[in-house]
Amino acid sequence: MLKRVPAIVGAMLALAVAPAAASGSDASATETYLRANYALVKAGHAHLGSSIAAYKSVLSSVRRDCPRAAAESPQNAQSTELSNEVIGTMVLTAGRPDRPAVKSYLRAVAGLRWSKASITHAVAGYASMLRTLYNLPVPDLCGDVKAWAASHFKSTASSTVSFVKAFYPNWVALGLIPAGLSRLESSQGRALARNSGRFEYQITNVEAQAVETWGDIMDELLLSP
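Numbered per the working numbering, the sequence shown spans residues 881 to 1105.
It should be emphasised that the hints constitute simulated quantities derived from the structure, not laboratory data.
There is no bait here: all hints are sound.
Pairs of lysine to aspartate or glutamate residues, derived as DMTMM-like cross-links and limited to a Cα-Cα distance of at most 20 Å, are as follows:
1. Lys936 x Glu1100
2. Lys1034 x Glu961
3. Lys936 x Glu1092
4. Lys983 x Glu911
5. Lys983 x Glu1080
6. Lys922 x Glu1080
With the sequences and hints as input, model every part of the structure.
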């Protein structure tokens, strides 16, 4: 019986140490993540002027290359696909200045793990969506609208179908603070999260303003959503 005491004590010590080890791992992952997220949204905020000019350039391209390209087109599922392609074209064009920051973020968060699986899954899922989104090529919007018109509005181009299928479910904004992460933040981490939140708020406001340009593009194409 006495011979079992060291084994029992060892097991008890292991259990006592495990939470501390998990806590240390959580703290390290949280700090790394918050720094990466802050760098991402800081870059996005710094590029806002360029991003606005970029998505407005889509309107200029439509006015130059394919005005009224969808004239007399119906409002149906295909017009909605092309409306979503307009959105995707704007998002990806506006996001071009952010691509280096997105790559840095993806490298920084790859493999991060937390003891709470929901946080790990949230970060991994967001990173996967962001990677898919920023790996998409900017579509040939004018070419795709013209192809729809050439079919007498009977079928959209395969490029439209494949783009919308990839874009829409992976369309995410820059920056994510997963639920449950706040309880793991250090004082420095909380400051990073607050500053990230301010940048995210300003980025979101600019994205909301892009709706007006989307409407102008739709009007220029004579395309119904």
